[in-house]
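Work the whole structure out from these sequences, hints included.
Next come the chains, spelled out residue by residue.
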Amino acid sequence: MLKVLLKRQLIEDILTSRFYISLVLIFGAVCAFALVFADHFQKSQDSYLKVMAQNDRYLQQFAKSPKEHLNSSIQSFMLKPKPELFISEAYEGNIPQGFLYEPYMYSVELLSLKEEVSAAQHYRFVSKKENLADVLTYSPDLTFIVQVLLSFLALILTFGAVTAEKEKGTLRLIYSNPAKRAYFILAKYLSALFTVGISLFIGLILSLILLNVLSAVPLSSSLISSYSLFFLVSIIYLSVFILLGILCSVLSHRSKNSLVLCLLIWVFLVIVFPKSTGMLLTLKRFDVPTEEEIYQLAQKASIETEDRLEKQLPPDWSRKYYEKYRLNELLLKFQFESDKSKQDTLDYYLRKKLSAVGAARRVNFLSPASLFEYSSSSVSGTGLFHFENLWTEIRRYEDDFLSFVKNEGSVLEKGAFFYLNYDTISDKPLDFNAIPKFEDKNPKSSERLKDALPYVGLLLLYNLLLFVVVFYKFQTYDVR
Amino acid sequence: MCRRGRRTIIRTIIKREFLDNILSFKFIACVLVAIVVSLASTTILTQDYKDRLRNYDKGVASAREALTKIPVYSALKIKLYRKPSPLSIFIAGIERKVGSYAEIPIAPLDIPTSLQGGVTKNEFAAIFSIFDFSSVIVIIFTILAIFLSYDSISGEKEDGLLALALSNSVPRYKILLGKYLGALVSIAVPLAFCFVLGTLFVLFTKNVKVDGHFYLSMGVLFSVSLLYLSCILLLGIFVSSRTKTSFSSLLLLLGFYLVFTFLIPQAVKSFSTDAIIGRAKNVENNLGSMMNEMDKKRDEAYTKSPYKKQWFIPGDAYNAQLYGGAIDNRIISPVARENRMLSASFQHPIEREYAQKVYDLKNKDMSIEEDIRNGARRLLAFVPSTNFSRIVELMADTGEDSLSRYLRHVALYWHEYMRYLDEKDAFGWRFTYPGPEEQTPYEKALIKKITDDSTELLKSSKRWWARYRGKYYDEAMNYRPKLTFLNLEDLPVIKSPDLGMTERLQGSLLNIVILVFYNLLFFILAYFSFSMCDPRRID
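Top to bottom, those sequences are chains A and B.
Under my numbering, the first sequence has 124 at position 124, and the numbering climbs by one with no breaks.
Under my numbering, the second sequence has 286 at position 286, and the numbering climbs by one with no breaks.
Hints may contain errors.
[To be verified] Straight-line alpha carbon distances no greater than 30 Å define the calculated DSSO-like cross-link-like pairs of lysine-lysine that follow:
| hint | chain 1 | residue 1 | chain 2 | residue 2 |
| --- | --- | --- | --- | --- |
| 1 | A | Lys311 | A | Lys406 |
| 2 | A | Lys473 | B | Lys26 |
| 3 | B | Lys79 | B | Lys97 |
| 4 | B | Lys364 | A | Lys50 |
| 5 | A | Lys300 | B | Lys50 |
| 6 | B | Lys362 | A | Lys50 |
| 7 | B | Lys281 | A | Lys80 |
| 8 | B | Lys424 | B | Lys482 |
| 9 | B | Lys69 | A | Lys300 |
| 10 | A | Lys352 | B | Lys50 |
| 11 | B | Lys296 | A | Lys67 |
| 12 | B | Lys97 | A | Lys300 |
| 13 | B | Lys357 | A | Lys43 |
| 14 | B | Lys97 | A | Lys80 |
| 15 | B | Lys462 | A | Lys67 |
| 16 | A | Lys352 | B | Lys97 |
| 17 | A | Lys300 | B | Lys482 |
| 18 | A | Lys300 | B | Lys77 |
| 19 | B | Lys444 | B | Lys462 |
| 20 | B | Lys281 | B | Lys364 |
| 21 | A | Lys300 | B | Lys58 |
| 22 | A | Lys43 | B | Lys364 |
| 23 | A | Lys300 | B | Lys79 |
| 24 | A | Lys352 | B | Lys58 |
| 25 | B | Lys209 | B | Lys79 |
| 26 | A | Lys50 | B | Lys297 |
| 27 | A | Lys50 | B | Lys357 |
| 28 | B | Lys281 | A | Lys43 |
| 29 | A | Lys50 | B | Lys97 |
| 30 | B | Lys362 | A | Lys43 |
| 31 | B | Lys26 | A | Lys166 |
| 32 | B | Lys424 | B | Lys495 |
| 33 | A | Lys437 | A | Lys43 |
| 34 | B | Lys296 | A | Lys50 |
In case anyone wonders, no lab produced these hints; they're calculated from the structure.
See below:
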């Protein structure tokens with residue numbers, strides 16, 4: 001019986017003009033977005049490679065004579081443009097683009113906009129001005145297509161699930177057969193899910209082909225795994241809207257009312273709610289000092305550390321040690337401690353900022369559209385997740401790099417090489433190829449999935465909840 | 001009698017439509033959402049505006065304070081603060097994101113092309129967006145307008161009421177006009193409510209002062225919003241009279257909404273951004289070579305200059321730390337001072353020339369950017385929602401145009417400032433030599449002592465200068481003279497580049513004309529299609 005109902009429903013769903021129109025809309029959007037993305041991706045990749053080449057040039061200089069060119073160990077680590085950005089851009093262009101690493105100052109500092117511009121990143125400057133993150137600005141990516149267009153399609157397909165049948169009088173006919181009510185709803189649900197799923201699937205394949213043809217992105221197993229994860233998450237998200245559509249239909253007596261209700265819910269859940277909660281939190285949660293103030297605080301921390309340490313020195317230390325500055329190990333150790341406390345302060349505030357944004361995002365958990373946005377950003381490894389990942393990778397790299405250049409006989413563990421008695425730094429050239437190089441790797445798909453798990457779990461919970469409500473409501477629905 | 005009757009029939013229709021609308025669930029839901037969102041946005045943006053205003057006041061005061069404590073011209077750094085506009089509470093634009101002041105440094109010379117600072121505390125907050133009045137209208141009120149108009153004809157047709165209404169001897173255009181005005185009134189009421197609520201909120205907020213110009217602007221913003229919403233209403237009525245069922249009319253309208261509010265503007269924006277990145281490459285390609293060219297020229301001038309051999313005490317670390325900038329030690333021989341002035345007279349024109357060149361280069365990129373943006377805007381002016389956003393942005397003067405106008409003024413001011421500095425001979429001896437000009441007897445004696453002491457040193461030196469580190473070095477280094485500060489009270493003041501109401505209206509005239517044209521077009525279309533519409537119910 002379920003099979004018969006499903007077949008009937010599928011034919012009905014697929015053979016409607018609204019489905020075709022939506023399909024054309026979706027494919028048009030995919031094509032346009034892919035065209036835009038291919039161009040943009042190549043440019044950002046070029047720019048990224050330029051920065052990496054500059055890092056290599058500096059490191060080569062450093063390797064040739066480390067003692068002479070201590071400052072050439074400077075490197076800038078940027079967010080690598082990934083092909084996954086097409087799945088979910090997640091406002092990656094709006095957040096800080098990376099870090100400046102200066103091992104001789106024990107510092108990993110956020111790149112400010114100005115430095116980004118100088119780091120051959122002029123294009124970021126331009127796009128930042130355009131990317132105002134105003135309410136009408138969405139990133140042209142697959143997430144937008146699913147989040148806004150396909151969710152709309154899902155509602156359009158289901159708003160009349162029950163009411164239209166009632167209006168036509170077919171609902172009573174069906175019940176004259178020995179059909180279970182559960183089967184009827186299930187058939188509606190599965191058929192809509194299949195219809196939406198198939199258009200999404202075709203859209204994804206189309207985008208993969210387009211990206212490949214436009215020679216922007218080579219097909220790789222990692223990209224395909226990201227795509228399939230995204231597909232899975234999208235289906236779970238769209239299922240919420242299908243159930244919402246059926247619920248509206250069950251709750252109202254006429255299709256017209258059901259459609260209006262659906263649209264109200266859609267506007268609220270997809271546009272108004274996700275776009276306004278972050279705003280509500282700007283007031284309280286983002287109460288961190290400004291960039292300049294943080295920098296001053298960091299300076300203060302480093303000076304305080306110096307003052308504290310200076311007390312350990314003999315009272316007339318300045319005369320004795322000053323001339324031998326850069327030769328005295330104790331002073332260098334103090335220098336290191338003071339640099340470290342500065343860096344710790346900067347890290348503290350960066351962590352605070354990120355956690356404030358995380359808290360603001362948590363309010364959005366009420367809306368499935370935001371949940372979907374976050375989970376798709378996590379499964380494709382972009383956006384804030386990418387940034388946090390970059391940060392931890394840099395920390396790991398710092399250890400590798402410092403342990404590689406470590407000299408014998410140092411008073412320090414970390415940062416030893418750069419805080420050595422200048423005479424004892426060896427001037428032996430380093431092997432450039434052996435120096436660890438930084439690479440912004442996309443984490444494994446299992447890790448990405450793990451990060452997305454809370455969001456996906458909540459989406460599943462919404463599904464379950466809605467399913468139960470729909471099922472229960474329909475059991476007592478008056479079919480006349 | 002006849003006249004009165006005619007008037008009352010329209011009034012009756014309007015009244016009926018109005019009551020019908022405001023008592024419906026969709027209307028109440030939409031209006032509630034609109035009020036909540038606009039109230040929240042006003043609260044947040046007012047707070048934001050207050051923060052920026054405080055920042056501005058503090059900045060202006062501290063900049064004025066800083067100007068009284070400048071010993072040499074090389075330490076002079078002007079900060080021009082840009083006053084935030086209270087209209088940015090309602091039309092946020094980009095004002096709150098682009099920084100709060102332009103900094104004009106003197107060493108190295110630079111004409112600013114962007115603003116600095118600002119009160120954006122958390123860079124990562126950029127992933128969230130801010131709802132302002134323009135987005136509330138484009139998103140929520142547009143949906144409301146669609147809801148009010150999609151079934152105005154086809155819905156009545158379905159209910160069979162249309163045939164009834166037309167059975168009276170009422171001309172069709174009156175029914176159409178009545179329906180349109182009824183819908184307009186029912187949308188104008190909540191819109192006015194939101195505007196009044198927002199204005200009252202701002203009015204009763206402490207420390208925020210508004211003038212007559214603000215009220216006038218709010219009035220204009222309200223009228224433009226109503227004009228835009230009327231355009232959507234007329235489109236809705238037109239579509240409604242062309243379609244058979246209200247269901248298909250709603251679907252069609254929402255399709256338009258999705259395509260014209262989200263897809264097309266997004267696509268055009270993305271394309272224009274990419275075009276800008278692809279074409280505005282002057283800075284990227286030429287800045288490096290231009291800088292090298294300048295360095296080379298400067299080096300040439302430096303080596304060619306006929307300097308006289310002289311000693312000097314390296315740097316005044318103490319004063320430099322206190323005041324910033326390059327400050328000479330007052331213990332300096334007259335010949336070395338002449339050398340300094342000579343080198344400045346060679347190098348300064350080169351620096352100034354290249355500051356202008358770099359600015360031109362950046363400006364070239366910016367004008368390319370502006371051209372592409374304007375092209376995109378011209379295209380988007382034909383989309384009602386983006387056209388409306390553009391008009392209100394121009395009206396409130398918080399968008400990119402306002403910023404680039406400000407920066408152009410800053411560039412103009414820079415020339416004025418340079419003229420002022422030339423008049424004061426700022427690039428002469430006073431550039432690095434801290435006043436007063438007359439050296440004290442103690443200083444003269446010390447200089448004489450060092451000059452006597454350094455004859456040997458000068459002989460052995462291969463260059464034209466020699467760092468003196470002899471027995472009077474400590475004395476010279478530890479000498480802390482009382483410095484006099486420059487009198488900068490007659491520094492030129494930047495003129496505020498604010499536009500008046502008429503100029504703003506002029507700037508957005510074309511866009512408004514397009515909006516009016518749409519209104520007329522949709523009205524005529526609705527009129528004709530309603531005149532031909534078959535009022536019978538389709539079963």
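Taking the hints in turn, this is what the structure says about them:
{"no.": "1", "hint": "Lys311/A x Lys406/A", "result": "holds, 29 Å"}
{"no.": "2", "hint": "Lys473/A x Lys26/B", "result": "holds, 23 Å"}
{"no.": "3", "hint": "Lys79/B x Lys97/B", "result": "holds, 18 Å"}
{"no.": "4", "hint": "Lys364/B x Lys50/A", "result": "holds, 23 Å"}
{"no.": "5", "hint": "Lys300/A x Lys50/B", "result": "holds, 28 Å"}
{"no.": "6", "hint": "Lys362/B x Lys50/A", "result": "holds, 21 Å"}
{"no.": "7", "hint": "Lys281/B x Lys80/A", "result": "holds, 22 Å"}
{"no.": "8", "hint": "Lys424/B x Lys482/B", "result": "holds, 22 Å"}
{"no.": "9", "hint": "Lys69/B x Lys300/A", "result": "holds, 24 Å"}
{"no.": "10", "hint": "Lys352/A x Lys50/B", "result": "holds, 24 Å"}
{"no.": "11", "hint": "Lys296/B x Lys67/A", "result": "holds, 29 Å"}
{"no.": "12", "hint": "Lys97/B x Lys300/A", "result": "holds, 28 Å"}
{"no.": "13", "hint": "Lys357/B x Lys43/A", "result": "holds, 27 Å"}
{"no.": "14", "hint": "Lys97/B x Lys80/A", "result": "holds, 25 Å"}
{"no.": "15", "hint": "Lys462/B x Lys67/A", "result": "holds, 29 Å"}
{"no.": "16", "hint": "Lys352/A x Lys97/B", "result": "holds, 21 Å"}
{"no.": "17", "hint": "Lys300/A x Lys482/B", "result": "holds, 28 Å"}
{"no.": "18", "hint": "Lys300/A x Lys77/B", "result": "holds, 24 Å"}
{"no.": "19", "hint": "Lys444/B x Lys462/B", "result": "holds, 27 Å"}
{"no.": "20", "hint": "Lys281/B x Lys364/B", "result": "holds, 9 Å"}
{"no.": "21", "hint": "Lys300/A x Lys58/B", "result": "holds, 22 Å"}
{"no.": "22", "hint": "Lys43/A x Lys364/B", "result": "holds, 21 Å"}
{"no.": "23", "hint": "Lys300/A x Lys79/B", "result": "holds, 24 Å"}
{"no.": "24", "hint": "Lys352/A x Lys58/B", "result": "holds, 26 Å"}
{"no.": "25", "hint": "Lys209/B x Lys79/B", "result": "holds, 24 Å"}
{"no.": "26", "hint": "Lys50/A x Lys297/B", "result": "holds, 28 Å"}
{"no.": "27", "hint": "Lys50/A x Lys357/B", "result": "holds, 25 Å"}
{"no.": "28", "hint": "Lys281/B x Lys43/A", "result": "holds, 12 Å"}
{"no.": "29", "hint": "Lys50/A x Lys97/B", "result": "holds, 28 Å"}
{"no.": "30", "hint": "Lys362/B x Lys43/A", "result": "holds, 20 Å"}
{"no.": "31", "hint": "Lys26/B x Lys166/A", "result": "holds, 23 Å"}
{"no.": "32", "hint": "Lys424/B x Lys495/B", "result": "holds, 21 Å"}
{"no.": "33", "hint": "Lys437/A x Lys43/A", "result": "holds, 23 Å"}
{"no.": "34", "hint": "Lys296/B x Lys50/A", "result": "holds, 26 Å"}
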